[in-house]
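**Student:** These protein sequences, in sequence, are chains W and V.
Each residue of the first sequence is one higher than the one before, starting from 1 at the first, in UniProt numbering.
Each residue of the second sequence is one higher than the one before, starting from 1 at the first, in UniProt numbering.
To be clear, the hints were calculated from the coordinates, so they are not data collected in a lab.
A quick note: this is a predicted structure, and the numbers were derived from the prediction, not measured.
Note that beta-carbon positions come from the ideal geometry of N, C-alpha and C, so glycine has one too.
Heads up, a few of these hints could be off.
[As the list claims (entries may be wrong)] Reference excerpt, derived from the structure (chain V facing chain W, CB under 7 Å, subset only):
(1) A74
(2) L216
(3) K218
(4) K227
[As the list claims (entries may be wrong)] Over the 10 Å line for every Cβ pair with chain V, so calculated as not near, a few chain W residues:
(5) T17
(6) Q48
(7) T86
(8) L126
(9) K148
(10) I211
(11) M221
(12) L234
(13) D258
(14) R259
(15) S263
(16) K300
Chain by chain, the residues run as shown.
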Amino acid sequence: MRSVAGLGQRLMADFTTSTHRAKWIFTPQDLKEKYKNANKRAKQTLEQHGTTQMKVDIDGSFSLVKPQNDAKDNADKHSRPKALKTEEEQLLRAFYEFKIQDVCDAFKFPRKIQATALIYFKRFYLQWSVMEHHPKNIMLTCIYAACKAEENHVSAEELGKGIEQDHQFILDNEMLSLGFDLIVYAPYRALEGFVNDLEEFYDEELVQSEILKSLHDSAKMEVDKIMRTEAPLLFPPGQLALAALRRSCEIHKVIDFDRYLKSMLSRQHPSHANSELRASMNTIDIMVNKLETPTSKDVKHIDRKLKSCLDPSSHEKSKKRKHRSKESSIDMS
Amino acid sequence: MSEAVVDRYEKREVLGEGTYGVVFKAIDRKTGQTVAIKKIRLGKQKEGVNFTALREIKLLKELKDPNIIELIDAYPNKGNLHLVFEFMETDLEAVIRDRNIFLSPADIKSYIQMTLKGLAFCHRKWVLHRDMKPNNLLIGPNGQLKLADFGLARLFGSPDRRFTHQVFARWYRAPELLFGAKQYGPGVDVWAAACIFAELLLRRPFLQGNSDIDQLGKIFAAFGTPKSLQWPDMVYLPDYVEYQHVPGQPLRTLFPMASDDCLDLLSKMFTYDPKSRISAQQALEHRYFTSIPPPTEPASLPRPPPKRESVNSRVSDFNPQDGPTVLSPPRKLRRVMPQREGFDINAQLTDTMDDHGNEIRQTAGERSGQAPMSLDFSVFGMRPPSRPTINSADRSHLKRKLDLEFQLPEEE
Ligand SMILES: Nc1ncnc2c1ncn2[C@@H]1O[C@H](COP(=O)(O)OP(=O)(O)OP(=O)(O)O)[C@@H](O)[C@H]1O
Ligand SMILES: [Mg+2]
Chain W
1 MRSVAGLGQR LMADFTTSTH RAKWIFTPQD LKEKYKNANK RAKQTLEQHG
51 TTQMKVDIDG SFSLVKPQND AKDNADKHSR PKALKTEEEQ LLRAFYEFKI
101 QDVCDAFKFP RKIQATALIY FKRFYLQWSV MEHHPKNIML TCIYAACKAE
151 ENHVSAEELG KGIEQDHQFI LDNEMLSLGF DLIVYAPYRA LEGFVNDLEE
201 FYDEELVQSE ILKSLHDSAK MEVDKIMRTE APLLFPPGQL ALAALRRSCE
251 IHKVIDFDRY LKSMLSRQHP SHANSELRAS MNTIDIMVNK LETPTSKDVK
301 HIDRKLKSCL DPSSHEKSKK RKHRSKESSI DMS
Chain V
1 MSEAVVDRYE KREVLGEGTY GVVFKAIDRK TGQTVAIKKI RLGKQKEGVN
51 FTALREIKLL KELKDPNIIE LIDAYPNKGN LHLVFEFMET DLEAVIRDRN
101 IFLSPADIKS YIQMTLKGLA FCHRKWVLHR DMKPNNLLIG PNGQLKLADF
151 GLARLFGSPD RRFTHQVFAR WYRAPELLFG AKQYGPGVDV WAAACIFAEL
201 LLRRPFLQGN SDIDQLGKIF AAFGTPKSLQ WPDMVYLPDY VEYQHVPGQP
251 LRTLFPMASD DCLDLLSKMF TYDPKSRISA QQALEHRYFT SIPPPTEPAS
301 LPRPPPKRES VNSRVSDFNP QDGPTVLSPP RKLRRVMPQR EGFDINAQLT
351 DTMDDHGNEI RQTAGERSGQ APMSLDFSVF GMRPPSRPTI NSADRSHLKR
401 KLDLEFQLPE EE
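Pulled out of the complex, with its shape left as it was, chain V reads as follows (with noise of 0.2 Å):
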């Protein structure tokens, strides 16, 4: 039975590994697509299949839609459960780290839109995401972008339903998760995303707390410290602690090339009071979607080379393709090339020509500038931050809790 799912796909090059084991790049025989297998080990496990890959598969099986990484298949073989996603080409950390990127007003209006689309599906269909972050946002080979990682969502629905606040990268976690609450809803998920989209303005994590703490003092710092008349039930979070009071900055300052409009988005999501948070739909209907300038068409956007075919300047001086030429300031000329392992430029070259017009689009933009200047951070011996993501301690606290949350009984 599972041979015949076993044979169907065809194993190529691992694409990265996660927390919970390796994820491949394959071919589909069946269909001629391209995927991704993500192997979880499952061993003599004393509990069976884990429960973050349950919840992936329980949850992904019921979610399709353009804005949400599609899980295709589901196999074990040979003491691993696979799990078989479309494969997507890179993820929106990479489009905002890579400097050679100039993001219009357009393109972050379209990722944004994007993000905001695909969470707004999750929260009507009763999933919370809680794991938002742009290295969880992937782009697909036509510039979809898709939420990926259910590791951590949830159902909700239940209005006393209870859930561990120890969820998402700190960066992106919401005030009511840092004072502790325990009954949360849609709105987490759209503090992330607002977050998502600062960092889409700035080019640089919004709010990069280093404890919990400082994370609040952060989002104070940013916003002022929160009055209980903006936020009634503060005072009853089980963490509260009285901040010292600090006034804020006009988000004007904060995100001076950003239009009205997106500014009063952007305030909007990032509302102290879950309750009147803006949801992930209303956010869809602001104005901010329909004003000019109009959000990019996907394919047009630009997007870093697809992982593991890193991009070589010399490759583009071997195109031959005139693209449309982009306009954009010179400062956006400054190449930054994160590390990336061994390419091939023949490869690169063909996928360039063949099916990524839009990287062919990006070169062309640099050359009509001035020469592209390369600036490595291994050579210069700085790395880009490195982003919290749910590190041990707080996985291990997660399980914990979430081991108690277990306990109690889900609904009715």
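Isolated chain W (complex conformation) (with noise of 0.2 Å):
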């Protein structure tokens, strides 16, 4: 057992020196003004191209796509598209990570997949606008290079079929992970050291170990949600953990959560500081309290203002379509 706890602290431990670590921990500060950076480049290329679609090459290097001549000159400043403003953004990249854990569920990955696609998916987006790359791609692409890296094979093709999307899609973007900074540490190995920690602790007072097994399936769907929060790219995944099991002990309210954290504390962190990290797990709850999980219906109208971003003639086609539906509707009358 102990070793089990070794084991998840000796992850911590490779944890510190990681590129997780190094680069892809944020002040909430930065995330704000990256996807407000993001979203601006998008609305000046829209404003000045008439589009925002980005064009991917197999090498992975990118062009923006540029519409034909005719509807980038009938395009005068009404008949433009709109731009998605960053809080439609949000709504949509919330409803693709939704996506991205069903998809996963459907094909029965392990969480950890799971897990590394969503963060691949969050950290695509701190530097693109969903404009400019449709979120659906980005997901199937996201689901493709986790299983990659994760040593767990699956097609390209097999991922297109099961979920009917065109695979090139998934290849011409594979090169687009992140800077290669492939590793990335989810909670869930952490939770298990946590969970183990704790049995340790209340050995005593025989905790039966259904109620423990409960305990660590609930805090599992914590870590599912958090995982869908901005947690994962504030905080460190141990934090992420010891929120997710806090949370679930409340669900439970058979073991006292504070008084195991105390002597967790004191036993292999005495110089941490206990407020700080306290402060971090109510940061955690209240992004998880918070969280959305958007329908399609939510995200309908955002998509279809998305889909004119990235395909103007879509939009002159969408308009008159609506023009004749209008006028034969007159007709009718």
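Assemble the dimeric complex from its two separately framed chains, guided by the hints.
**Tutor:** Shown next, in the form of structure tokens:
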């Protein structure tokens, strides 16, 4: 048992020297700024060129997909597609992050892959706007890349088939993968370590193993939720795991989490500021409580807006279509 | 975006070719540093970036240590994936093969210490190298030895994780792999390091089997057929077959020149049962490394001339500088020139004088003895023993195995 807790700790030790920690943990202000910048850039591109879509070459280089001249010329100020707001982008990302978990569940991928894919997805959209790269494609790419990085092979074709998508998209995008920082630390391992440690801590009081198991299970579900918030870009996996464990303890009400936390900190991290850790957990808690799970209905209008950003001709067409249907309805009357 | 990256490196000559593409020398315009760029063809492959390259990138990005090759950058361009490494002058195989080089006990200690340090670091980070052999141990401009070629490396850590046993070039394969073990750990790298240790002492590969069966035969002939007491789990291994009992030889007779400490460490690294085999970290703490002589400073280690700039004995005659005298037995003075390609005497000379202090030392050492005799393999029609790498049959086998392996969930 001790060795498993030790394992969790040693993995954390690796985290301290990882690219994950060095390059992919941010402050809330960092994140805000990045989202704003990506959005601003895409907006400018839209104003200048009438479209935002980026093309991906086989080797991962990007270029703007220039619209046909007529589309551009015809596009006067008013018929131009409207850019997405940052909040709309956020909602769309949230939608596809939920989808990532859906797809991974459908393929029965382990949780680690799900988490890796989610983190790739989040990292990707720190650099790009959804207006530049459609999140549906990036979602698939991230799942594919996560499988590959975790050595859990699934063919792009199979993945594409499984979700009725063109697998060439997946391959075209693979190279985008995030500056090649492919190893990410998910909270599940750390959680396992804490649960084992908890079991040991409560040993003499004979906490039943079924209780611990259901505590662990619901904590995993809490991690699943945390993974869809911004928290993984803000906090190390160990803190995410503890926050999930605390939430799970609150549900089950059999274990005094505070007592455990105090003892764990005094045993393992005597120097760690207790209050700081609690503040992090509280922040994570708030994020989970605010977590949105948009349905396709919720994002439908955003998706339509996105379509016309990516492909202005579709915008024109849809306008004409609308127009025509109006005319016909008039005819009908 | 990628244009800027491409402009950063000024391409120079080709350094070599591996399985996945060409490696060439380049200068990093940003830092002035010399680098080696491995170019991996992407093409319109059905499965995108190839696994080996992806593994190498993925792991090397996380492994930063003085004894691990540094991956400086990775970028795609024109249908190729480019991996930018720090430039390394030579490798341990070239050192071992170069009959012109005498390796003192302190030199050997230094080389194996750096090997074990790199390995211990990998294992601490839960990475198995799985392709340890002298030619994957590169040597930098200051004599530092670094583990390279992480294309077969993997994370371990989950106790029940199953791997393919088709890893390592055969001569470096641990007995548990030869018996088909699927669940193995860092011990496989330690066994390979022991083979490299032995090779440094003998100046030839130690256990040169020509098939997997023969490899086990060679191992048993050296150390004796393992008794079940020595290695209780052996009989449960998938490909276990009973071998006729052979007694093995005392290490002392196999390595007559080695010190007692050296032999003690070697025997602990060559332990049959992977569970009782010494770890890389424990090996570093062995008294061999604190007893005299202390390991040679990397910068003073004898090394062959940098790759592609083949040494010519005339060059050393031009060299006016007096280096420190190297005491070495006369037999080291047999000069062996492995086939190399053209060279430029002037470039060679400047190079030698500028920053390769230890070559000056070497050549000075030669001059203090009798005239070196040129012994060119290509002239005599004999070649150094060719080393088995993971051959193509193994590779396709490996590929199949790995594909199968990928079907299994990795953890949890
Ligand atoms: N960092 C480096 N500095 C200098 N030369 C290098 C470096 N890395 C590789 N090389 C040269 O390029 C050659 C090819 O290297 P690569 O790792 O691609 O393949 P390999 O190790 O020779 O073969 P394999 O792919 O079978 O392992 C090496 O033999 C070496 O000569
Ligand atoms: Mg190699």
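**Student:** All hints, please: hold or fail.
**Tutor:** Status of each hint after checking the structure:
| no. | hint | result |
| --- | --- | --- |
| 1 | A74 | holds (5 Å) |
| 2 | L216 | violated (29 Å) |
| 3 | K218 | violated (32 Å) |
| 4 | K227 | violated (29 Å) |
| 5 | T17 | violated (7 Å) |
| 6 | Q48 | holds (18 Å) |
| 7 | T86 | holds (23 Å) |
| 8 | L126 | holds (15 Å) |
| 9 | K148 | violated (6 Å) |
| 10 | I211 | holds (21 Å) |
| 11 | M221 | holds (14 Å) |
| 12 | L234 | holds (21 Å) |
| 13 | D258 | holds (28 Å) |
| 14 | R259 | holds (28 Å) |
| 15 | S263 | holds (26 Å) |
| 16 | K300 | holds (32 Å) |
Comparing the model with each numbered hint stated earlier shows that hints 2, 3, 4, 5 and 9 do not hold.
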